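*Asks:* Chain by chain, the residues run as shown.
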Amino acid sequence: MVERALLLCLLLIGFWGVVAKKNIIKKIFGLNILNAAAVMLFILEGNRIGSEAPILESGLAQVVDPIPQALMLTAIVIGVCVTALALALAVHLYQITGSFDIETIRERIQDET
Amino acid sequence: MRPEDIVFATVMLPLLGAALAFCAKLLPKGRVASVVEYTGALVGLGLPPLVLILLFPVVFSGQSVSGVVGQWFVGIGITFRFDALAWLVNILGFTIGTAAWVYSLGAGPKGPAFTGVFLIQTAALCATIMTTDLFNLFVCLEIMGITSYVLIPTSRKAGATLASFSYLMVSASAMVFFLLGTYGFYRLTGALSYEGISNGLQAISSSDTVLSIVSLALLVSAIAIRVAVMPLYGWLPDAHALAPHAVSAVLSGVLIKTPLFALSRILFLFPAGMQVGELMGIAGGVTAVLGVVIALSQEDAKRLLAYHSISQIGYVVAAWGMAISIGVDSPAGTSLMVAAFLHAFYHALFKGLLFLSIGTTVDVAKERNVYILRDSIGKLRAAGERIPVTFMCFVIGALAISATPPLNGFVSKTAITYAMKGSLHYYLLSAAAVGTVASFIKLSRIYWPTGKRGRLHPELGILPGSSANPQTKAYGLVARLTAQSVLAVLCIAGGLAAPHILTIIGTLMSRGGTNIAVPPILYSTDNLLKTGVTTLGGILLFFVATSKIGSRVLHTIRTRPRSFQGLFVSFSLGTAVLAAFLVVGKI
Amino acid sequence: MGKRKAWSPTLQACLAIGAMGVVLLPVFLSQTPWPTVARDYLMQYGQDESGARNLVSAIYLGYRAFDTLGETIVLLVAVIGTMGLLSRVESLVNTVGDDDNTIQTVSAFSLRGDKRSSHVLRTHLLEVVTGKIGPIVLLFGFYVMLYGHLSPGGGFQGGVIIASGIVFLALGNQQDNTSALSKSSILGGIESVSFLLFIIVAMSGIFFGKGFFGNPLADSAYPVGFIVLLNSIIGLKVGASIGFMCIAMMGGHD
Chain A
28 MVERALLLCL LLIGFWGVVA KKNIIKKIFG LNILNAAAVM LFILEGNRIG
78 SEAPILESGL AQVVDPIPQA LMLTAIVIGV CVTALALALA VHLYQITGSF
128 DIETIRERIQ DET
Chain B
248 MRPEDIVFAT VMLPLLGAAL AFCAKLLPKG RVASVVEYTG ALVGLGLPPL
298 VLILLFPVVF SGQSVSGVVG QWFVGIGITF RFDALAWLVN ILGFTIGTAA
348 WVYSLGAGPK GPAFTGVFLI QTAALCATIM TTDLFNLFVC LEIMGITSYV
398 LIPTSRKAGA TLASFSYLMV SASAMVFFLL GTYGFYRLTG ALSYEGISNG
448 LQAISSSDTV LSIVSLALLV SAIAIRVAVM PLYGWLPDAH ALAPHAVSAV
498 LSGVLIKTPL FALSRILFLF PAGMQVGELM GIAGGVTAVL GVVIALSQED
548 AKRLLAYHSI SQIGYVVAAW GMAISIGVDS PAGTSLMVAA FLHAFYHALF
598 KGLLFLSIGT TVDVAKERNV YILRDSIGKL RAAGERIPVT FMCFVIGALA
648 ISATPPLNGF VSKTAITYAM KGSLHYYLLS AAAVGTVASF IKLSRIYWPT
698 GKRGRLHPEL GILPGSSANP QTKAYGLVAR LTAQSVLAVL CIAGGLAAPH
748 ILTIIGTLMS RGGTNIAVPP ILYSTDNLLK TGVTTLGGIL LFFVATSKIG
798 SRVLHTIRTR PRSFQGLFVS FSLGTAVLAA FLVVGKI
Chain C
27 MGKRKAWSPT LQACLAIGAM GVVLLPVFLS QTPWPTVARD YLMQYGQDES
77 GARNLVSAIY LGYRAFDTLG ETIVLLVAVI GTMGLLSRVE SLVNTVGDDD
127 NTIQTVSAFS LRGDKRSSHV LRTHLLEVVT GKIGPIVLLF GFYVMLYGHL
177 SPGGGFQGGV IIASGIVFLA LGNQQDNTSA LSKSSILGGI ESVSFLLFII
227 VAMSGIFFGK GFFGNPLADS AYPVGFIVLL NSIIGLKVGA SIGFMCIAMM
277 GGHD
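Chains as they are written, first to last, in the working numbering: chain A, 28 to 140; chain B, 248 to 834; chain C, 27 to 280.
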């Protein structure tokens, strides 16, 4: 119970990072934290129904649920790819406008057009 | 070969084409590389329509091809379903995709990397509409998203990178919430396929209904961001206005509609789906009106078109929402769904046509401000267009979107309003129609001559009347005009062949059952009168808008503060409102 | 025509977080017992149907291999997008001029010998150690990749370790004798060819009568061979992609 409440706080902190922080690198951090919290929730809860890793050997007690683990492999890779692309976009924005602050970037781009 | 194998050809052929295009990237630049790239495009965009023709008899008889990918156990594997809805959305995707790719040969970003990513986007669209598994839907939506984030900055405009970044942030965060919705449903039912979840939801205890409602709300609002209904539209104007023209056409035409129809598969099966449809229908009607008002105030030509996309998707969502809230198994529901799809398809055609022709115009004239740009016909003629094809294409597109008979816009808008006569949606959509006419008169001003005949824009630097015009090649006019003309012809054909098309789609959508939709009577006196009144109202609104007071009001709307945060606030509040609406509906 | 102020940003943020927090409470704090249907089925039939002892591998390369294809595609598109954007940044940087501060930071760690003005970040210790460890890490990556069906591991995990091995090899080149694996043309080639191979393998099931993405080796003696093959292709692809991206971000693509 406590772990899940903490995960909810972690998710909200990540969301706070994406919404409220002005620096775009910090927004990308927030997105990462958001992804991490969701992944951890799946794995944590999937582990409650067993005690062994899902690799079959003889004489095994109940294994944990392998489905959340397989799903989260995909989710983690997708999260990393999106982060890489976001960082490349951030570097490009810095080169164009000279700033990492979202308000400054928006103003400078509007002044150019 | 069994139908199951052919069905996935619509997904695998574009992927194979993309793989060929990426191999072309490895080869040194030259003829061989181009040949490989074009082969890839042919495989990816040319062969799947043939497959769709093969599959037509299957879906026309009301059957559907469904099963598990790889024929694994149904409780764990990925289920799919190729029925009439999937077939229709595939046709939509391939038509617009091919036209846009041909246009990009002349205008837009060229090269094997662009072709490859474009083909991957097309494959993702086909996979999204065919899947009946929640996590597979997540993966397909992410593929669609990441291809958009990559394609938008290829236009090399400064704002495009910022637009792509904002879209990425909003969309990626929304997909995390989608994942949480999937978590909720898996926890409740132990299944990820729609059938499995819906069976499981019948058996849950009453203390768990809140979790199921909240999960559904998370799924729906994550998809609603992609569809850009109010209030979740904030990312769309920048993204569609600053992308390359071919990409704008595909984004506006296909990418905002496919998630909507994929969502309908979820809502058909889940309890509380009908209330979701109700709320989204109302949101759609409001979107249609507000979108058109903001569109009227825009000064950038492509941004005006982008706001129109928001308004028109409002039409589609209004009809679709109403169809789902009534229930698709009744004749009224089916005819609304037919109307919604028809408008989605025709909108893709005429919006694609508009983006491509306006794109050609602003590229040649090197100016996008509708208040400044004038005499585009002359500029286009100077660039090598003997017959004003682009202007004619624009006129066809503008007439189509303003619902003038006998073009396709008239057919679809009449079908929608016929099916929802008398409700709140009806009045909202009629108001939006008036605004549409007004804003397209405003946009058409860029073509009016200024009276200074014979004087050319100094940058074009060529003499009038020169036959061997280097500009023709420089602007890639052949490819551009081919794509535009094909779409224009389809718009006209869609209007003239309306009764046949309506019957075909009606039969397809009714899934072979007994709920055959009743096709509306298109050319009744009522409808024609309504069209006339709308057009007059539009002309009147145009004069009001260009007056002193009107300009002041429009200026205020145009310069309203828009922030990055606003996207997220609207997303959170939208989800909360939807969840509250559903919870209250259950109690 | 001044700018009109929107609502206070902190208020907006609090509103957004608060609304989301309330909506997510039932999701995080629900007490429904976790379903055991999938786990029970897989414990009983997973190894027979797919041939792998690692049930997670059985799922993502067997039952739900289509999702893995999608994930590979996301990686491919992300690499293309990142490379496209970074090459534009590179051209902007090159036009600015050599005494700009930005260039200094970008090239201090870069891989091109001629641009390395100082060895502040790239010490001799780093180069020696990474150069020696690189091949060992690559070997470990191949092991994790190939044994994915028997022990924790698989294509993605092994691929990421291979990528770090490639990065080590690229960092560890003393006197500019770059390993062939850090050349962008080779890495790009491995990536594109493995994508093509993956698609062909996915469609091969059709020709063996097993349907799209079915296991063509299901009736032979070693059905698990399909999983090993897929693991290898994915591992090479992921390794090449991520290695390519890391080297590009360090400033060394040619």
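Keep in mind the hints are simulated off the structure, nothing from the lab. Owing to the predicted nature of the structure, the values given are computational and were not obtained by experimental measurement. One or more hints might be untrue.
Said to hold, decoys possible - Just a sample of chain C residues kept apart from chain A, beta carbon distances all over 12 Å, derived:
1) 175
2) 226
3) 251
Said to hold, decoys possible - Derived EDC-like pairs (lysine to aspartate or glutamate); straight-line CA-CA distance at most 20 Å:
4) B:404 to C:153
5) B:404 to A:30
6) B:613 to A:138
7) B:613 to A:128
8) B:549 to A:139
All C-beta atoms, glycine included, are put in the ideal place defined by N, C-alpha and C.
*Asks:* List, from low to high, the hint numbers that the structure doesn't satisfy.
*Replies:* Numbers 1, 4, 5 and 7, in rising order.
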